[in-house]
Amino acid sequence: MWRKQPEGKPSPSATPAAPSAFAPPSYTPPAEKSTGASPSPSKPAAAIPPAPVPSPEAAILTQGIRIRGELTGKADLFIDGDVEGSIRLGDSRLTVGPSGHVKADIEAREIYIRGDVQGNLRGRERITLGNSCHVKGDLESPRIAIEDGAQFKGRVEMGPAADARERQIKRTAPAITPSVTPSSTDSTPTSVPIEASAKK
Amino acid sequence: MNWMGGKSRLGAVAAPMASKTRGAASTVVPPTPITKSNHKPDSFRLSNGLKDFLWLISDVENGRLLDLGQVSQATLNFFIERGFRVTTDDMLRSWKEFRSAEEEQQRNAPPSDFNEPLSPEEIAQHFLQNSLQYSDDQFNAVLVWDIFDRLDAELLSRVASRLYDIVHPGGAVLALFHSKTPERTYRYRIVDNQTIEIVPIGPAGTHLRIFQNREILNLFSRFRSAKTFVGRDQLREGLFIK
Numbered sequence: 001m002w003r004k005q006p007e008g009k010p011s012p013s014a015t016p017a018a019p020s021a022f023a024p025p026s027y028t029p030p031a032e033k034s035t036g037a038s039p040s041p042s043k044p045a046a047a048i049p050p051a052p053v054p055s056p057e058a059a060i061l062t063q064g065i066r067i068r069g070e071l072t073g074k075a076d077l078f079i080d081g082d083v084e085g086s087i088r089l090g091d092s093r094l095t096v097g098p099s100g101h102v103k104a105d106i107e108a109r110e111i112y113i114r115g116d117v118q119g120n121l122r123g124r125e126r127i128t129l130g131n132s133c134h135v136k137g138d139l140e141s142p143r144i145a146i147e148d149g150a151q152f153k154g155r156v157e158m159g160p161a162a163d164a165r166e167r168q169i170k171r172t173a174p175a176i177t178p179s180v181t182p183s184s185t186d187s188t189p190t191s192v193p194i195e196a197s198a199k200k
Numbered sequence: 001m002n003w004m005g006g007k008s009r010l011g012a013v014a015a016p017m018a019s020k021t022r023g024a025a026s027t028v029v030p031p032t033p034i035t036k037s038n039h040k041p042d043s044f045r046l047s048n049g050l051k052d053f054l055w056l057i058s059d060v061e062n063g064r065l066l067d068l069g070q071v072s073q074a075t076l077n078f079f080i081e082r083g084f085r086v087t088t089d090d091m092l093r094s095w096k097e098f099r100s101a102e103e104e105q106q107r108n109a110p111p112s113d114f115n116e117p118l119s120p121e122e123i124a125q126h127f128l129q130n131s132l133q134y135s136d137d138q139f140n141a142v143l144v145w146d147i148f149d150r151l152d153a154e155l156l157s158r159v160a161s162r163l164y165d166i167v168h169p170g171g172a173v174l175a176l177f178h179s180k181t182p183e184r185t186y187r188y189r190i191v192d193n194q195t196i197e198i199v200p201i202g203p204a205g206t207h208l209r210i211f212q213n214r215e216i217l218n219l220f221s222r223f224r225s226a227k228t229f230v231g232r233d234q235l236r237e238g239l240f241i242k
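Protein sequence lines correspond, in order, to chains A and B. Using the numbering used here, the first residue of the first sequence is number 1, and each one after it goes up by one. Using the numbering used here, the first residue of the second sequence is number 1, and each one after it goes up by one.
Hints in this document: simulated from the structure, not taken from any laboratory. Mixed in with the good hints there might be a few duds.
To be verified - Pairs of lysine-lysine residues, derived as BS3-like cross-links and limited to a Cα-Cα distance of at most 30 Å, are as follows:
#  : chain 1 : residue 1 : chain 2 : residue 2
1  : B       : 96        : A       : 103
2  : A       : 136       : A       : 153
3  : A       : 136       : A       : 103
4  : A       : 74        : A       : 153
5  : A       : 136       : A       : 74
6  : B       : 96        : A       : 74
7  : A       : 136       : B       : 96
8  : A       : 74        : A       : 103
9  : A       : 103       : A       : 153
10 : B       : 96        : B       : 180
11 : B       : 180       : B       : 227
12 : B       : 227       : A       : 153
In this text, all values refer to a predicted model and were calculated from it rather than measured experimentally.
All chains, full assembly: derive it from the sequences and hints.
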């Protein structure tokens, strides 16, 4: 029924899991308590960055603003409102605040989520799921950090594979121009340029 | 570099325990023997089940793993560093949300549309139409943690059967079962090849049953092989192979 275990493999006997009965073949000490990450030299675990504070240059979609359509641009963006569609920020950083609700596939250099997101996330450098986030979708990024308490359902691709794929996409993809494309069938408000919404 | 510094494996029994106070130290420190003062059974747990589970999937290349517990970066990193593609699906939370939504819908239904309330079995069936919807034979490994202790009865056999379908032949499922009612609700994360960290996350109350060994084996009877380990901390580990 069970394969014969070579030397060094665990014993097949159902012995009590007494701590002193084990001899670990190797041990990598756990990283900092907050993340539980175990960093490796080849794929450094992403440290949790500080809580998102929108930079002065970042565009801000505040609570109460709703956008349906395609968001593209080169500026950092902080979303605390509702967005439905797709978000592509190229080399910029996207932060979804605790009150943010996003139903969109997201591509950005860095993505920090503290609100609700439904959609696939592709972070060119890093994705961070904050402890208050609720994410349903797939994550793809060279570095992914997940705080304790984050709620996530989906597939994760991290490390060199995601990194290499990202570089390939970058080589072949055309430059992203800042624009907001309104949804043609959208009757709800509003498709506004990022710059305009930043003034709200 | 292996921090054990080439010492014999038997001399490193206490490594995971000792490391907790050292953090991510990279210097060579001799392992600290387990004593009553530094042994923390509620936090770090040496796991025979995990050791066997990892051994079973150690030959898998480009494997796929499904984690049915709460997402944990430590566990994600552990498997991704070993070449696995990881899918996380907090099934217990999904079930609770689904059930709340169903109940809310029943409460808010206008009298004209009111039908007979769905039976628990029907609700479970509806839930599984949208949950655990993965391709057959998709995963080489599944981490179930202790969700079978906390799932409603009508879901148990359905989930076990669905797990069988989505696991690749030869794939393994690791599950935990409490042998006595736990004092708290826990989440689990993998620390190393044979250590699981057990993190209390809330008061007790979500634990619904204590499985007898025979019940566990019956539940996973479709699997080719089943094996359980009982720990001194009243946590039983089940390892099932398709």
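Status of each hint after checking the structure:
Between residue 96 of chain B and residue 103 of chain A the CA atoms are separated by roughly 22 Å; this keeps the pair inside 30 Å, and the hint holds. This hinted pair checks out: residue 136 of chain A and residue 153 of chain A have alpha carbons roughly 5 Å apart, not beyond 30 Å. For the suggested pair residue 136 of chain A and residue 103 of chain A, the alpha carbons sit about 9 Å apart, so the restraint of at most 30 Å is met. With a C-alpha separation of about 29 Å, the suggested pair residue 74 of chain A and residue 153 of chain A falls inside the 30 Å cut-off, and the hint holds.
Between residue 136 of chain A and residue 74 of chain A the alpha-carbon distance is near 25 Å, which keeps this suggested pair within the 30 Å criterion. Taking the CA atoms of residue 96 of chain B and residue 74 of chain A, the gap is near 40 Å; set against the 30 Å cutoff, the hint is violated. A C-alpha spacing of about 16 Å is found between residue 136 of chain A and residue 96 of chain B, which places the hinted pair at or below 30 Å, so the restraint holds. Proximity of residue 74 of chain A to residue 103 of chain A is assessed by CA-CA distance (about 20 Å); at most 30 Å being required, the pair is judged to hold.
Of the pairs offered as hints, the one joining residue 103 of chain A and residue 153 of chain A holds, with about 14 Å between alpha carbons and a cut-off of 30 Å not exceeded. Between residue 96 of chain B and residue 180 of chain B, the direct Cα distance comes to roughly 23 Å. Compliance with the 30 Å bound is thereby established for this hinted pair. Restraint check for residue 180 of chain B and residue 227 of chain B: satisfied, since their Cα atoms lie roughly 19 Å apart, inside the 30 Å limit. As the CA atoms of residue 227 of chain B and residue 153 of chain A are separated by approximately 29 Å, the hinted pair is consistent with the 30 Å bound.
In the structure shown, a violation is registered for the earlier hint numbered 6 alone.
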